[in-house]
Every structure is written in structure tokens, then in C-alpha cells.
Amino acid sequence: MSAAAPRRPAPRRDAAPGDDVDPASELPGFDAAESPLGWLRSRRDRDGASLIGDAEFVAGERFRRDYTIGGLIARTTMNWDALGGPAERRRGGAGGALVVGEAAMAARDRVAAAVAAVGPEFASLLIDVCCHLKGLGDIERDRAWPARSGKVVLRLALAALARHYGLSDRAVGADRARTRSWGAPDYKPRA
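Under my numbering, the letters of the sequence shown match residues 180 to 370, in that order.
These aren't lab readings, by the way, just hints derived from the structure by calculation.
These numbers come from a predicted model, not from an experiment.
You may find that some hints are simply not true.
[To be verified] Straight line, CA to CA, 20 Å or less: simulated DMTMM-like cross-link-like pairs of lysine to aspartate or glutamate:
(1) 330 / 307
(2) 367 / 300
(3) 330 / 224
(4) 313 / 213
(5) 313 / 300
(6) 330 / 317
(7) 330 / 213
(8) 313 / 288
(9) 313 / 226
(10) 330 / 319
[Unchecked claim] Derived CB-CB ranges, DEER-like:
(11) 213 / 250: 37 to 47 Å
(12) 363 / 311: 51 to 61 Å
(13) 368 / 226: 26 to 36 Å
Glycine is no exception: its CB is placed at the ideal position from the N, C-alpha and C atoms.
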């Protein structure tokens, strides 16, 4: 493989809490060291527990992946891919219409559903930390929060996001399963 060859993304695999697969590693140009969630996950509190659990980490990275795939991150440079080849330039690309892929639209819908589920109080914090990779110190200063309060609020926001995605650090099921049977409406089992 030559040095100029593009990097192919790893095959898609659904990640679950406790998996070694990082859901954001599918993103092109992803660097795990830049994620504030990775930093929080690697740090321990005074009891030795991780500052955020696996479910919160996976939920935050899933949110970031959808945000990125949805194209919601503001670009700071020109997107030269949108111009296409010489023929497309003469005709105005795709008929002059904005082309958004189905995957991007589905990702935007998932982001909108997650934002609605966590509420406006947590949505902007999650976008700043998970998607724009702002540090907690910067967020606390920008929002005039007390020092070290950002961790607590972020943990609450990530817990709400994980709940929306149906993620948990422990398996929880119903106390008792419903009895299921089928048959004709007048059917009665023999004693």
C-alpha cells in the first residue's frame, strides 16, 4: 500500500458497553487522544472508579459520530470535493441543488432526537464537549460555572444521553416476564 493511498475505514461493528471497539474510530481522521470523553474515562475518582462509565462514553461518542456524519460541524475551509470534475463545474454540479446523502439525513435525525431527549439544558453542553471537543475548564469559564462543576453536569447529561440510546453499565430486565401463549380465543389447556 503506498503512502498516498487513502485510508479505508474499518468494517462497521456495533459497539456495546465494555467492547474494546471505539464507535468513533470509524470516523476518518479520528484521534482518540483529542476526545474529552476519553480523558474523563481514563481518569479515576477518589474511590478508584472511572469518572464516566462505559455507557456514558459510548453514548457520547455515538452522538459525536452522528453529529459528524450529519455534517453539522462548521467547516473552516473550502470543500473542494463538492466541485466535482470539469463537466460538473460547467453544469453547476448536481443541477445546482444541494445534495445531502441519506446517511447524513438519518444522522441529523438521530442527533435531533437525542437533543430532544436530553433537553435544552444538557444539549448545548453535550454538543460543546462531545462534538466540538471543548474542554470542561473552557466551558466552565464561558458559562460562568463554579470550578469543577462541569464534570458533575456532564455526567448527568451523558447519563441522560445513554438512557436515550438504551445503554447501561449493567444489564437490567423486567422482574418477571409475561406468560405468553397462543391459541384460539376459546382454547383452554387441559388440566
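Problem set entry | Index of numbered hints that the structure contradicts, given in increasing order | 2, 8, 9, 11 and 13
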